[in-house]
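Based on the hints, put chain Z in the right spot on chain Y.
2 protein chains.
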Amino acid sequence: MRGSMLAVTAGLWMGAALGVANAAPRETRIPEPAMQTAAQLRQTALESDLGYRVIESLTTEVGPRLPGSEADARAVAWAEKKFRELGYDKVWLEPVTFPKWERRSESAQVLGANAQPLKITALGGSPAGTVEAEVVRFPDLASLEAAADGSLAGKIAFVDYEMQRARDGSGYGPGSRVRSRGPSTAIGKGAIGFLMRSAGTDSHRNPHTGITRFDEGLTPVPSAALSVPDAQQLSRLLALGPQRVRLAIDAGWNGTATSHNVIGEITGSKAAGRGKPQEVVVIGGHLDSWDLGTGAVDDGAGIGITMAAGALIGQLPKPPARTVRVIAFANEEQGLHGAKAYAEKYAKDIARHQIGAESDFGAGRIYAFATSAPPHAKAAEARIAQALAPLGIEHTPGKGGPGPDIGPLVERGLTWANLRQDGTDYFDLHHTPDDTFDKIDPKAIAQNVAAYSVFAYLAAAAEGDFGSAPKAPAPEAAK
Amino acid sequence: MRGSMLAVTAGLWMGAALGVANAAPRETRIPEPAMQTAAQLRQTALESDLGYRVIESLTTEVGPRLPGSEADARAVAWAEKKFRELGYDKVWLEPVTFPKWERRSESAQVLGANAQPLKITALGGSPAGTVEAEVVRFPDLASLEAAADGSLAGKIAFVDYEMQRARDGSGYGPGSRVRSRGPSTAIGKGAIGFLMRSAGTDSHRNPHTGITRFDEGLTPVPSAALSVPDAQQLSRLLALGPQRVRLAIDAGWNGTATSHNVIGEITGSKAAGRGKPQEVVVIGGHLDSWDLGTGAVDDGAGIGITMAAGALIGQLPKPPARTVRVIAFANEEQGLHGAKAYAEKYAKDIARHQIGAESDFGAGRIYAFATSAPPHAKAAEARIAQALAPLGIEHTPGKGGPGPDIGPLVERGLTWANLRQDGTDYFDLHHTPDDTFDKIDPKAIAQNVAAYSVFAYLAAAAEGDFGSAPKAPAPEAAK
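So the protein sequences, as listed, match chains Y and Z. Residue numbers for the first sequence follow UniProt numbering, beginning at 1 and rising by one. Residue numbers for the second sequence follow UniProt numbering, beginning at 1 and rising by one.
Because the hints were derived from the structure by calculation, they are not lab data. Virtual Cβ for every residue (Gly too), placed ideally from N, Cα, C. Any given hint might turn out to be false.
[What the hints assert, rightly or not] Okay, the calculated beta carbon distance ranges per label pair:
#1 GLU47/Z - GLU162/Y: 20 to 30 Å
#2 GLY188/Z - PRO390/Y: 54 to 64 Å
#3 GLU132/Y - ASP441/Z: 33 to 43 Å
#4 THR130/Z - GLU134/Y: 33 to 43 Å
So here's chain Y without its partners, still in its complex pose (with noise of 0.2 Å):
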């Protein structure tokens, strides 16, 4: 129970000594031959082209992808389509459904002797509405949280948090709780409009979108990030005196749609003794964007990555033992839908997923690796570390967690890696119009899928597991 708690806290493995109590695993060990292999796959994929050129093909001919969409439906179809050109032995779709948001308008306007318009765009989630009222300004979700109770009535609240830029991407947590608990909060105090300063570290008039939700019984009101420059214009205004503002917004859930995750696989060697092709080592990106960009880095470059990282391995003139699955995980931006779906169709399964990862934090250089495996497999992390060092990553053991999509496959008991790439210059771009092919570096992108590909390999070619086993129930449900 404590090994329980801690698994899901620190994410460590706790999972595969349940059952098997007493018996310490053989050791995981990477064979000398696959490292060998694993530094020509690396050279290989630092001078080819073929990640960044799938970001292009995806970004340019599907575009903005937001779930349940006309595009959605064309981005399944070309990536099953590339999966099958990029010579994936195995591709299907699975399909995920989900509640549909629409965002059909949206505009601001300060009213009065300052009279002018706000660049403003809806939380995913905000329903459709149009109010004019005062702004109320808060610093930050602390000072929302504090106002007291109906202060806010028939008033439009605005947090005008600053979020940080850090490599690390630490300071989207405060950042994007502002979006997530800031309408409900608002509402909580009477607020009829939600209005906060976006959750990003550029300054430009391009606002970050993103998914917000309402606490059950509240009755939802238009909410929307402004850009970073016009947060600040509307500060200064405050400063003068008091502004109302006009907030409105066409946009709305709408019934349910169909997408799919699509999945490609590189089979594993059916050689006697040494294939293991019922094992599975997944990697992926998530193939939905929002709308406002062309979802180059969120999270075109995850699917850039892990699709040529699995294309690369699937050219060597020999598999590895594992199977190597990529998955295009649908529709992340608004809950994690498509690997819930995939979770709870292999929660039985988990075992055969030896280990997962998933490249959705931009298109930066990874610069750490880590993995949550067990102590029998820490020498085979460790090797993996050593053929990832020549990309620059460094090896930290037991930092970091598992990529969005991993999450879900994680609480039942998988053992995830983290290739942690730098996020410095991530929340310039993430969920905004400025989310576009050109901010793509090739080089960074062939750095990347060296990395994915040094790692899947290698993970594949394993001798002996990764820990991954089915979480033990939680003892309520096992009461």
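Chain Z in isolation, oriented as in the chain Y frame:
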């Protein structure tokens, strides 16, 4: 005559030689005490944030100010009030009437298999209209010009010219020529719509607007600029195959509007013998802006820099001999309407206008200084240059030309001065939504204010003239 042609082509002074053909004018000189005062003024300006605060006030309180709009009228009222607040002793308005152009809505989409929205902005002067047509790409204006007559019948022309970045802004000539000449050229070949890559150097989804004109006798067509990333995207799509685009613009000319040049003066000394308050040194910027941003670098900066420079001169214990006149010109953006009205009104007073300089090239530091002063004032110019040198400003005799709103006065014989700003980043922001106050560097503004105050003060304190004189009528008109 030859001289007159030289004056027009090289911007060199010749006018004063007319009518005093063989008299060598007395050499203009800067008195030594004035140099000492200028040094103090320079230091005061470097330590002041006045220019920055004026820019903040205009861009925040008024925001975007399209000529003839309600906000333009607010900008006029703002300028009159601000001149008075800053201690100008004469402040007045002069009406300027011009055709009024309105932007109401604009959108574009790629249709068909790669359907996706494109970010555009209507060019100033574009008519309303919706067209759906195949796009034909041209890498530059010359290739559009070379297209066969009728070859664009029923098509949308797309000029994908990439403007080059340069400190002196020299890339803007060919860049803006696509905007000014592209639409008429395209119509001449049969096009029903016109798209161009923005004349800009950034990589954001913020298109650059700007005025265009349609040649007499042509039927104008909807004309817009794509943001740079959108132009790149459309080019990639066209490389895949033919593309149809829907271009929908609601905009157009709508009667006339009257705005105002707003003028403030720091009156020159009235001391007997020394004072020449009837003579003026002109500095200024333009008050109007495009509607997409808040006109911070174009040209809130010029307004703030020159208003502050004049105000600091006004705070000196003793005024200089001449009057410093600061002009906030109306409607520069759509055709120098304020500047032309001013030049016409004061055509007979050119000799009273000693020398003029406009700040209208962004908010970067000034790196070079020159004037079109005649030989007898070159020593005075060199002394002014000496007082500017501690600001990192190089003296580049004969180089450059007048700011846009000074141009019509120069055509009538005014001597110009040029305080050249570093424009390396100017065309990242120019005419875009991103032209907002947060892009302004207060230290660079202080350097500009220091330069303008030193220049205007010394020109106003000079003994002897700078050679402004009415231009001799052109031979044709003289007959």
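Query raised in the report: Does the Cβ-Cβ separation between GLU47/Z and GLU162/Y fall within 20 to 30 Å?
Result: holds (28 Å)
Report task. Mind checking the hinted window 33 to 43 Å against the Cβ distance between GLU132/Y and ASP441/Z? Result -> Cβ of GLU132/Y to Cβ of ASP441/Z: about 36 Å, so the range 33 to 43 Å holds.
Query raised in the report: Do THR130/Z and GLU134/Y keep their Cβ atoms within the hinted range of 33 to 43 Å?
Result: Given about 38 Å between the Cβ atoms, the range holds.
Query raised in the report: In this structure, is the beta-carbon distance linking GLY188/Z and PRO390/Y contained in 54 to 64 Å?
Result: At roughly 59 Å between Cβ atoms, PRO390/Y and GLY188/Z fall inside 54 to 64 Å, so the hint holds.
In terms of the numbered hints stated before, the structure departs from none.
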